[in-house]
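These protein sequence lines are chains L and S, in that order.
Per our numbering, the very first residue in the first sequence carries number 7; after that it's consecutive.
Per our numbering, the very first residue in the second sequence carries number 7; after that it's consecutive.
In short, the hints are calculated from the structure, not lab data.
Watch out, some of these pointers could steer you wrong.
The list treats identical chains as interchangeable, and a pair is accepted whether it falls inside one copy or across any two copies.
As the list claims (entries may be wrong) - As a list, the in silico SDA-like pairs of lysine to any residue whose alpha-carbon atoms are at most 25 Å apart: (1) Lys184 with Val343; (2) Lys266 with Thr178; (3) Lys111 with Ser327; (4) Lys266 with Asp319; (5) Lys351 with Arg10.
What you are looking at is a predicted structure, and each value in this text was computed from that prediction instead of being measured.
Number of protein chains: 2
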Amino acid sequence: MRTRVTDMFGIELPIFAFSHCRDVVAAVSRAGGMGVLGALYFTPEELETELKWIDDHVDGKPYGVDVVMPASYEGADFAPEELVGRLQAMIPEGHRAFVENLLAKHGVPPLSADAEAGRVLLGWTDATARPQVEVALRHPIALLANALGPPPADVVELAHAHGVKVAALASTPRHALKQVEVGVDVVVAQGTEAGGHTGEISTMVLIPQVVDAVDVPVLAAGGIGNGRQMAAGLALGAEGVWTGSIWLAVEEADTPELAKRRILEATSRDTVRSRSWTGKPARLLRNEWTEAWESEESPGTLPMPLQFMLVSDALRRIGRSDATELATFPAGQIIGVMNQVRSAKDVVFGLVEEYGEAVERLDRLTGD
Amino acid sequence: MRTRVTDMFGIELPIFAFSHCRDVVAAVSRAGGMGVLGALYFTPEELETELKWIDDHVDGKPYGVDVVMPASYEGADFAPEELVGRLQAMIPEGHRAFVENLLAKHGVPPLSADAEAGRVLLGWTDATARPQVEVALRHPIALLANALGPPPADVVELAHAHGVKVAALASTPRHALKQVEVGVDVVVAQGTEAGGHTGEISTMVLIPQVVDAVDVPVLAAGGIGNGRQMAAGLALGAEGVWTGSIWLAVEEADTPELAKRRILEATSRDTVRSRSWTGKPARLLRNEWTEAWESEESPGTLPMPLQFMLVSDALRRIGRSDATELATFPAGQIIGVMNQVRSAKDVVFGLVEEYGEAVERLDRLTGD
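Using the sequences and the hints, build the whole thing.
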């Protein structure tokens, strides 16, 4: 296969795989696609370790790193050293009480006294994502992606100065135009069915609009899990696909066992767009956590990054408890068709094979 | 083009066009697709007139009729003659007051004393849709479609006895299976981006699931407005496409001028799933009407058919007033890319031409 993005990155297949797991990233790149490591949860030191591992396991194939630099968030004008403290002070007591009550109702114990301190900010802010960018650019990455809107112009310049292409996720044609204005090389047009932060427009409607709005290559994201969907994405005008949820349940993925089981059992209706994770709408597994935040008792969610600061310890407590009904994580509607564990390589090859079948079928239907 | 549905109906193009306007239905059928008249708003007598007109203007080409027989609604066990009265009595005063206050706030005058009585039930119930079915089957229709879940088994049998194929709209694989169980010949798998009553799963994710779940041909619905989307739908495994919103703004459509203008101006984010029209979630133009029903003052919506009974006179009053900010109607996300008025024939031919280009492009990308 050959599109502008296979040419741009020197890859065989226009398949991009977003994952927080280095094993998946390396496996997809080795299989001919492009693995993209989600940096969000890593400290700069940890990210250094992960990227070093990938460098050692990717057989020289290109890979990317994805950061989260939201264009707007509370505290964007605070000095880095006082960021956490001032933000913590902005979280209302009523919200803290709601979270405590919810955990108490489900019997979730507190963290043990010797538990490591939580990372309440992660890479959700410019201040915390920039050090990740610096680490990433010290490695031979081919792509730097920004998961929330247009990246800062100087970050785009810095990446380009390192010979690194920049991608950004867009959920409207207007977003896409803004991204191209700051110099983004590839737009990932992401439909509402995607996991994680996502807009309202579906992939089917969004892709042609973005393709028509910008001159750079567009990747189709949201609801892409098999080769028929890959063919659909390319028929819509995309030059490749950006996938995420399908890597959560592959053999290589370090996804917790419970989450893997949930994903294999879920239907496509078992996800919901919710602000209960980060404060911005993200598609999550629908469960008692997301329901609680929609209930009449809910105090409403807080703006980014306050919501995650509010809930980060709670999510850790839930993860260590038996309250599996509260364990939430980002997941797209495509989890409804995932019902077996395969290797990342098998998933890549399956996408390509089924893609070929879909294109042949179209030729056949059109021939008569 | 040739698929199982072009064979089934003897049509040239696997393009189905849902419209409440007879001119659109006839124009699409004459152009080689299949027009399907939405019967909902017509009394049996009016429907007779519409179908007679289509018979006279369709040049012998096949066309269909779409009814709404919800599998469940309030009052399903009431005798037809007392249906309206008993249902009216179930509408809470608080809801009536909310509607009156909303209209008063926007300066919407009451209906004039000599205004015709409103049709508060339309074809939303089994009791009111069956007479429409009887009228339809007296005409040479090729297809009877049901817009809300599986049609009653005896209606399917009756249609088949008349040599008429039956289609039904499904928004989950489970719905599709139920429909095939009652004998439906074609499943219309409809994604959340569609206008009117719609589920939560996007077209991109839904179509392959439904195609894999049933043996009958599947039409892709939701977000199909150009040939790239048609190619995407067929790449996903569908044997044709079911379109609706794109016919609202064609030359032939009797859509009110205001609505046409709104559609041409709207972006894909200007629609929202709302229960404020019928009580079941339907995608509508997002405006002050839909916002009001989501606001803190909202009493919540009523189950079908009570909600439409509650609001039907209000919608008529709004339609005759200057309160255009309250005028709502079903519309899919695809209205975001509709920005010119074309003839129905041009839209059909445009779909086919762009479909061909999309398939050629896929061949080219795959060739290297």
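Comparing the hints with the structure gives:
{"no.": "1", "hint": "Lys184 with Val343", "in the structure": "between (34 Å within a copy, 19 Å between copies)"}
{"no.": "2", "hint": "Lys266 with Thr178", "in the structure": "between (31 Å within a copy, 23 Å between copies)"}
{"no.": "3", "hint": "Lys111 with Ser327", "in the structure": "within (13 Å within a copy, 51 Å between copies)"}
{"no.": "4", "hint": "Lys266 with Asp319", "in the structure": "within (22 Å within a copy, 51 Å between copies)"}
{"no.": "5", "hint": "Lys351 with Arg10", "in the structure": "within (23 Å within a copy, 35 Å between copies)"}
When the structure is compared with the earlier hints, no violation turns up for any of them.
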